[in-house]
Structure formats: structure tokens, C-alpha cells
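Participant: This is what each chain is made of:
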Amino acid sequence: MKNSDLLFHARGESKFIDDIRIPKDTLFGSVFYSSIGHGRIISLDTSEALGSAGVASILTSKDVPGENQIGGIVSDESLLAENFVHYAGQPVAIIIAETSEMARNAAGKIKIEFEELPAVTDPREAYRKGDLIIPSRVFSIGETSLAWQDCQVIVEGTAETGAQEHLYLETQGSVAFPSDSGSIKIISATQAPTAVQKAACRVTGLPMNKIEVEVSRLGGAFGGKEDQANSFAAMAALACMKLNRPVKIVLSRQEDMRITGKRHPYSSDFKIGLNAEGKILAYEVTFYQNAGAAADLSPAILDRTLFHATNSYFIPNVKATALSLRTNLPPNTAFRGFGAPQGMFVIESAIYKAAEKMGVDPSLIQKKNLLSEGDTFPYGQKAENCNSRKSWDELERIFKVSKLEETTREFNRKNKFFKKGFALMPVTFGISFTNTSMNQASALVHIYSDGTIGISTGAVEMGQGVNMKLRQIASKIFSVSIDKIKLETTNTTRAANTSPTAASSAADMNGKALEKASAELLRRLIKFSALELDADEEQEEVTIENEEVRLNGKPSGLSWSELIRMSLQERMDLSSHAHYATPGIYFDKFLNQGRPFNYHVYGTGLVEVTLDCIRGTYEVDSLKAVHDFGESLNPLVDLGQAEGAGMQGLGWLTMEEVIYSNKGVLLTDSLSGYKVPDIYFTPKELKIEFLENANNARGIFNSKAIGEPPFMYGIGVFFALLNAMKAFRPLKEFDFKAPLTNERVLLSLYKEEREAVPA
Amino acid sequence: MDNPIIFISNGKEVRTFLSPAVTLLDFIRKELNLTGTKEGCREGDCGACTVLVGGIENGGLFYRAVNSCLVPLGMVHGKHLVTIEGVNQKALSPFQEALINEGAIQCGFCTPGIIMSMTGYLLSDRYLSLEGAIDAIGGNICRCTGYEAIKRAVYSFMMESEISLEAGRKRMESLIEKGFLPFSFMNIEQMLKEIAPLKTLSSNGSPEVLFAGGTDLMLKMRDRPPDIHLHFLTEEKEEKIIIEKGFFVLDAGLSVTEMMNSELLKSSFPEFGSYLRLFGSEQIRNMATLGGNIVNASPAADLVNIFLALDATLVLKNKNENREVTLKDFYLGYKQFDKKGSERLSKLRFLLPEGNYFFNYEKISRRQHLDIASVNSSIYMEAEDGFIRKIHISAGGVAPFPLYLKETAQFFKDRQITYENIRDGALIAQSEISPISDIRGSEEYKRLLLRQLLLAHFFKFFPELTISAEILFA
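Listed in order, the protein sequences are those of chains V and L.
The first sequence: position 321 = 321 (the working numbering), numbered continuously.
The second sequence: position 48 = 48 (the working numbering), numbered continuously.
It is worth saying that the hints were derived from the structure and are not from the lab.
C-beta atoms are modelled at their ideal positions from N, C-alpha and C, and glycine is treated no differently.
It is possible that some hints are incorrect.
[Stated by the list, open to error] Think about it this way: if two alpha-carbon atoms lie no more than 27 angstroms apart in a straight line, the pair counts; the simulated DSSO-like pairs of lysine-lysine are:
| # | chain 1 | residue 1 | chain 2 | residue 2 |
| --- | --- | --- | --- | --- |
| 1 | V | 15 | L | 90 |
| 2 | L | 340 | L | 390 |
| 3 | V | 109 | L | 30 |
[Unchecked claim] Beta-carbon label-pair distances, calculated as ranges:
| # | chain 1 | residue 1 | chain 2 | residue 2 | range |
| --- | --- | --- | --- | --- | --- |
| 4 | L | 14 | V | 43 | 46 to 52 angstroms |
| 5 | V | 207 | L | 14 | 45 to 51 angstroms |
| 6 | L | 199 | V | 54 | 52 to 58 angstroms |
| 7 | V | 407 | L | 127 | 41 to 47 angstroms |
| 8 | V | 23 | L | 333 | 48 to 54 angstroms |
| 9 | L | 342 | V | 50 | 39 to 45 angstroms |
| 10 | V | 482 | L | 176 | 28 to 34 angstroms |
| 11 | L | 132 | V | 411 | 27 to 33 angstroms |
| 12 | L | 268 | V | 411 | 33 to 39 angstroms |
[To be verified] Computed, partial: chain L to chain V, Cβ under 7 angstroms:
| # | residue |
| --- | --- |
| 13 | 35 |
| 14 | 40 |
| 15 | 233 |
| 16 | 436 |
| 17 | 439 |
| 18 | 456 |
Let the hints inform the model, and build the full structure from the sequences given.
Facilitator: Below you can see the structure in the form of C-alpha cells.
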């Protein structure tokens, strides 16, 4: 079913944050931020800027009436710097002016003096200094210390992954409007309206019922607007309250890149032990997470790294330690996968290195250790409805992997300076917020007197098609045309206390809440219909099908619109609200055991590359996968999610490189320096197969969540490249250091030791 | 200012007294309130702000897709500005329809830009092809990365919609008939003819900037004074590419697209078009000029790199006097070159290739397309009986300015093409370059990469050369 929400997108008529109509008296805000990575503020002089044309006000930490604090999990992040700056890009002041140009122009006239302090950008250095955001976290199962003695092969190593800039095409932004009785309405580009509401309340000192937050849609988010939209909304609200005028803050691309955090870089140490047959017996890993200057969502991301440290493999003895380290970088934050990709990269590196030592193909070890039904994850949950092996086998069958091995070998024998490589990448990803209390959602459904339906939930539409899926759910339950169903904006006055649209779970949870609310309305309508038709509900079946009431399967002559009209006449409540809390999940944060996930998503990916060994460049020939969608609610939407996530994963491991100076200043602060995949980079073949006979009783209408899991198929590109590189330099061992840019490839191929070229 | 800028915006005449230096994107969004055109990066790297600018050229109406963030308002005087709102009709166009049907729209922020790029391609003077259609949207970033679905959409509408492949008026008529464009496009030519050219105003002492394509200048002018005076050179083009007395003569105002499509250049350099596919994006290539690339003096300038290896000479015009300087002597330091303030770069010329000649251009960047080279290199070589008789080699990204590898070329001249000579020549190149570490690569990488590119030139010419390990890993 095609996504009809897209009609307006295709015409450019959908309004994003910078497009919404604003009153004539709206003021514009610009953020003045630190240019250095770490320092003490000696002086801040805003006088010249204040006198600059069009400037209405300049706000600093002193102007915050509430708390100058926006830290969610840990209260360690001020909205505006006070005495110290902890990263380059940290907001120091907000300039409010008649136009955004005037505000930016004035920002250039603020004079600030620093005493520069040493900046730390490396998480291991922060660890040596003991600068942890939260105490270390350890997940373990079995006893690794006893298991090593049973291992025939033990390898140790280091693996590193880089940051990733979200580069949502729509930058961060908010507009705050004064409204009645001292209230403020904020329209924000956020994945988390309630988080924005709370942050704005904290800063302004207003109670939550005086701040309304609304979201229409986002021009991409990918996790970057889960927590980091808060500050800009709070700034707009603060200025709006101070000046009693609407205030709009929309970042320029460069401001956005400099100020906001990214996917966490990780550096990790691993040790893996296997028996002679390639069965993994023990795995120890320590993750050094580069959190940046404040906690943001880092502790939650750290936990997900641990949850997915063993990816799709059953390992009986595991000890995974995770450290979140404070550095002088912008606070790193959620990004599709939420720490899982970083964790999975390490186990894949460990397997690769073990395979190297054993002289076998890594896929043999991967396959041997895949999860089976009932296997226990290191956090105590058992794999249920486990499609790990099934997706692997299907991938081997559908994409003829054994033939691929042959053709690759043949190609590499024939070509001296071009080499091909491929790698398989199984993925297992848990669905639910790992913080159990966040797994709740609500829906409010109105049926209007003309029979049309309006739905409000806590889900935010950001391109993932959740609005379409929700409409489909309502359409299915009421059996009315999807054209009669509208998704309203996400608004805190209609959906209160919402969880962010994140963790791939918005369609699941809000869909379930919607199902509940709709079912209640349907129950009322059926009861009413039975009365009208003089039917005995116990004996006879009253249903609504295609906008018509049926009695025992036969048309009753009562249409949907007539039914609605009549039920209103009889003073029936045609609105319903429902709340959903994911059942059966729990997690003990001290024992680190429980059943944190509602279910898991499984799949297996395959990436093929061709390497130009002279130039050090490469092409991604294919990204293929067999993915467990459950029974997809909307295959076209889900396919787009899977393809898009996979492409982002490819980007993360290849060309996307965030570079900071050793003083913590972002050097890749524009699109000319930070490159993301373009249409030419799309693999020549991008093929996602839907795993057949997949179901999921725990999902809405048997479906599964989709947003994040396919991102990790992209990890396969790293190991496919290593395989191609090894085909050229068989005796070399390459670092597990991502992204594998053209530069890293060429230097790895030619650096240091000499080696004969294969004939 | 007393002269208004007049143009047709989506079929309606617009007059404004705003400064010609105002960014077109801002004018579209803030003055015309047309918010379908999005701001994504403001530096021509994402394509979200793509619009069409149509004008009368060589007697016909000609449209090109441009990044409106890189175009000053003054440049659209007398032109037809087309935004997404100007192609929307009651019914969706076949391309819009295909994008929806194939699931090629996710967040929707990049979509209007993609539609405009594609419309520009359909309206162009090119013969339509699937590859060309993908090139046309190569400068549009979709971060949700629905590229696969976008490709499906492109293929499906191209296969199904039966647009006239033949360029020109006939194509436009068929685009209107098939629902890609509103009927009002038929009236534009006449409307444009009625707008008098913008009088070149005297600068009145305010700073004057010579303005060609603007793709580099607009970035530099971000903090421009509002009264800056732009002297538009685009209207002053002469005959663009000619062969004269054994020389190719290229007008400095040539756009990259024009060079890319030149049959004349192709006749001597069959791969010229594919080299230039690596230059910017369709939108950038439509605007960026030869002269602009030369005087912007980027150390990795792609066109300069190519023309250095063709040992080109520049013609600088000062009122009625011409001065000539070879390209290899033109650059003096970082962003410094041998051009006086009153001089204007007017032409570039180089000898027609002769005999058994080879030409090759290599460019390596972080991303293959729409990216600045980490290192680029071009080579021109005439050889006979295994000996190099004439050779020019250039290297970009490895010095403060685009480099002509003089000593390396000298070494190769009259030498035999052997492993040893290639190896030794590549070594000499290392002594001529002085790369620095930056976001385009470390010094170590750039040194290694240049060596690899020099080898790549020879491998390309002589694929039968079996390369010994000694050369490769020397």
C-alpha cells in the first residue's frame, strides 16, 4: 500500500520547522557558542553586540529564571555556559534580533576571553584520568576466567569505530509563541515532545501545563533530535518568555554540525576464545565510549552496547564491561542503532581475527555460533521465535553464497589490481526501550459527525512512515477507507507524558495504544448497531465491513456515516483514549538480568565490494539481506526503512569521518568536508528479501519494528573490504579501525612492510 | 538602487529593488514565501534548494538546474525562475507519482530538490538516458537514503512516460502534454523577451566583485557587505570553444557543463566528459566556469589540473590590451596568481594534441562525486617507439597551488617507458610536492596517493606492462 502522506511531500507543500507561517512580530535567535574545546570564561562582553542593528536582547546563563540545566539522565549539562566551557560548540549566549541575519551578525560581535584548559578528546585518556560519566557497567554470563582453559584458540585485539554526523537535512529548530495566561506554545523539530516540554519547563520555571509542545513532522532525525532538540526549544521558550514575542531559532548547517553531538566513537578491547571446531566459548570485551562533555543519552546507549555485545551469537561465557567517558567534545547522542552497532562491530572484529588465526573464513565461525531457539543472552533473556539461523540459511540460498565464493576467488585470480571481497553480517536487535518505564504510549481517537476520524498519538513522523502505519491500523479496525483517517500533529495536550519516537518502537507501541482506543470505539458502535438492528449480540454477529454494518455477514443497510450520525443523536461518546504499556518486560539494573525486550528482530546481510588496489578506492557492488519483518504492516515503507538504514550503515563504515582537532574543534563542519553517501555510492545491487513465514505475536498485527536493525547490515562492508584487501596482501593483518576511508585503505595496503605481489 | 530586478517567477512577473547580491534562496523563501525550496547546507552540497533558471540563449529558451543558495538575485534578471510550486499542477506529474509509488520519499525534505533537478534534466538540450537522469540528481543528497527507491522511480517514469527524447521545443510540448509542466511554460519565451536587460550599474565606489558562475564566490561572500557591487560576466560570453591556428581556444566564461558536452573537446579527448562528471554536481557544473576555477586558485582545482597537463596559456585582457601567461607560471602562492586587479581572464588556449598522444586525468576524493580532490593528477604524453617525446604532468592537492610537475616531466622526456623510469620519475615527483595534512588526507596519504596516481597513468596507457612488486611497493 503506497504511503499517501507523501502527496504533500512530493509537491513540497509539507511544512517543516523553517517553513511554518510565523506572526509578523516574530524575533529570531542565534546561538553564540564556544570556539574552544575547554576553558574558563574570563570575560564575556555583549555590549557591542547589543548595540548591533536589530538586536532585541542577548541572553546568558544569568537570564535563566528556572534552572540552567537540561541534562536528562544526569544533570550535568547547562543550557548556557556559566564559568567554564567544556566543548567547542557549547552555547554561551542567545542573541535575539529582528532577523536571523541580524542575530548572526551580532553574534560575531560578542567578545569572549578564555583561559584555555587542556582538552581531552580520547576516551582512553579520559579513562586514565578517571573521568567517567556513570560508574562502569558489566554484563556477564557464565565464567570467562574458567573458560579460557578450554579454548584452543584465543585472540585479543582492539577495535575502533568513529563518530557519525546525523546530517538530518532539516537542521535543529524551534519556534516559541506566547499564549494565553502566561503559557507558551512551542513548535519543535523534536522526536521527543515531552522531553522538550520538560526541558523548557525546567529552564523557564513554568509548570508543564503551561508549556504545550507540537510537532508536525521532521526532515530526518535518526536519533539526533531525540535529546538534542531540547536545548534549542528551551532557548526559544526562554527568549519568548523574556520578550513576550514569538521567537524562532533554526540552526544553520554549520551551527548544527558544530553544536550538536553525534554517534559515539568507541574504542574497545576484546579477547575471544574458541574450541578447535570454531565454537566460541568465551568473550571478554571492554568498551570505551566517547560520551563527549555531558551525559545526554550516553548511559542508555552504553547499556544497549552491552545488550548487543554478542550480536547474533550464543556465547556461554561473556564478560562485557562498558565505560562512558567524559571528553571535551559535543555531548554525543542517539543515532540509529543506539550503541548496538558499536558493540556488534567489536564481536565481528573478534571473530574475524580468530578466523585469521585459524585460517578459516570468518563466515564459518559466524554460522557455527548463531543463536538458536531458547539460547540465553548475557542479560538473561532467551531467544524466542528465533530467526537467526533461518535468515542466514535463506540468505545463503537466495543469494547463492557458495557460488559467490567461487566467482570471487575466480575474479581475484584473474585480476591483479582489482580484488573483490564479501562478508556476511547477521544481526539480532532487541525491541523496547531498555529503560523499561519508557515503554508506554497513548492514543486519542475522535470520530467526527461526518464519519471522518482524527488520531493523536505520541509518535512523531520523521520519514519512517509511522503516520501511514497508524492510519492503516485504524482503517483495518474500523473497516473504513484510509482517506477518512487523518493523523494529527503530535501535541503534548493530546498525547501527554510521551516517550520519544525512538528505539524503533513508535509504530509498535503507539499502534497498540491506537488499537486499544479504536477497539473500544468499535465495541460501542457494534453495541449500538445491534440495538438499532434489533440483533441479539449474544446470538448474532454484528460487524462493520467497508463502511457498512453487517448482520451475520449480510449487509444491514446501515452505512458507516449513518451509524455515526445516529450514534451522536443518541449522545454516544465518539472519542476514546487508550494507553499501552508493553507487557512482560522487566530488567534488574543491579543484576543486569531480566527480559528487557518485547522481542528481537533477526536478519542476515551480505555486502560485496570491489577494491582498486592501485588507487585505494572501492565500490560497493551489493548490499543484500534477508530480513525478518514479521508480517509487515506496509512493505513499501518497511523496505524503504531497511534500504535506507543499510545505506547509512555503509556510510558510517566507509566515507563518513568526523574529524576533530586535538583541541576538540570540529574540522569537518560542513558538507564539503563531511561526506555522506550519494546516489552514485548506492550499491549496484541493493536487495532486501522479506523472510518468509515470519510472524510476531508480540507486535501490532504480527509486524516487527524496522527502524534500526538493518543499519547494522552495513557493518558487513568493513569486513568485505578487509577480505578484498587480504586478497591483495594475504600476509598482512589489518587494523579494525573504522571508517575505512580511501585513505585508510591505501595506507593499510602500502604501509611499512614489503611483501611480494601475488602473481 | 534605481533599476529593479525583473524576472518571471513561476509564470508571474516579479520586480524587486533588493540588492542583486541577495541570495536567491533567501528571496524565494522569505520574499516570495515559496517554502518548497529548502535550505539544507547553503553551500551547494546537498541540492535541497535546487530550482530552475530559464533564459533565452542562442534564440531559444534554455533551462538549467542550479543551487539557489549559490545564485545571487541579480543573476535571474530577465530569467524564468521555476520552483517546485511552479511545476506543481492539480494532478501529480509522472515523476512525482513514481516517487510515491516506489516509496522513494521518506522525510520529504530533499524531494522538491530532486524533482527540480530531474525537471531541469528533462528540459535540457540533451538526449535523454537513464544514466543521464541519475547524473542529473547526483547532486541531491537524500539522508534517509532512499536512493534505491529513487532509482526505481526514475527508471519507471523514464520507461513509461514516453517523453520526446529529442530536445527543444518539441520536448517541452511533450512535457506539458504528459503532465510534467504546466501549460504556462509555453508563454514564457515571449514574456522574457519583453524584459530589458539589467543595466550594468557603476559601482559608486562600493566594492566590486567580478562575478561569473559564483559557485565559489557565493561561499566567500557569506559575510558580504550589503552594498557589494556584483559585475556579472555571464552575459559577456563570446564564441565558446574554437580551434584556431592549431590551438584549442576556450572562453573563460564556459560552464563546466558546456565543456562536458563539447563535441570538439571530445574529438581530441574522448574521455573529457567522464573526467568532468567528477567535477561538482549537475547544478554546480551548470554554473561553475572555467575562468572561475582558474582564479579561485584552489590547490586541487580540477579544471586547472587538466589544463596544466595540456600546458595551457591564459589570455588576460586589460581594456584593449592582451597579456599572455602560461598556466604553469600563473600561480605564485596560496591563492595568489599573476593577475592585476584591472585584468580580466578572457581565454585559455592550448596546442592541439599531436601524433601518438595519451591524456589521462585521475582524481581521488573521499567520495567519488561532488567532492574536493584529496589529490588529482593529469598527464599528457606523446610517445614513439617506447620513448616519451613530450610530456606534461600536473598534481593537485599537494602544494599551496595547482602544481605543474616540471622536474618530473623533464626527467621523463626522451626516456624509455620502463619500470625503472616510472619508479624513478615518481620519486622525483615526491621532491616537487609539499602536501599538508588536513581533512582531505594526511601528508603521508597524499604523498603515497600521488605516487599511485602517477603509476595509474602509466598502467592506463600501457595495460600490458606487468608491474613488478618492486615498483608497486617501492
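Participant: Please flag the earlier hints that this structure goes against, numbers listed from lowest up.
Facilitator: Hint check: 2, 6, 7, 15 and 16 fail, others pass.
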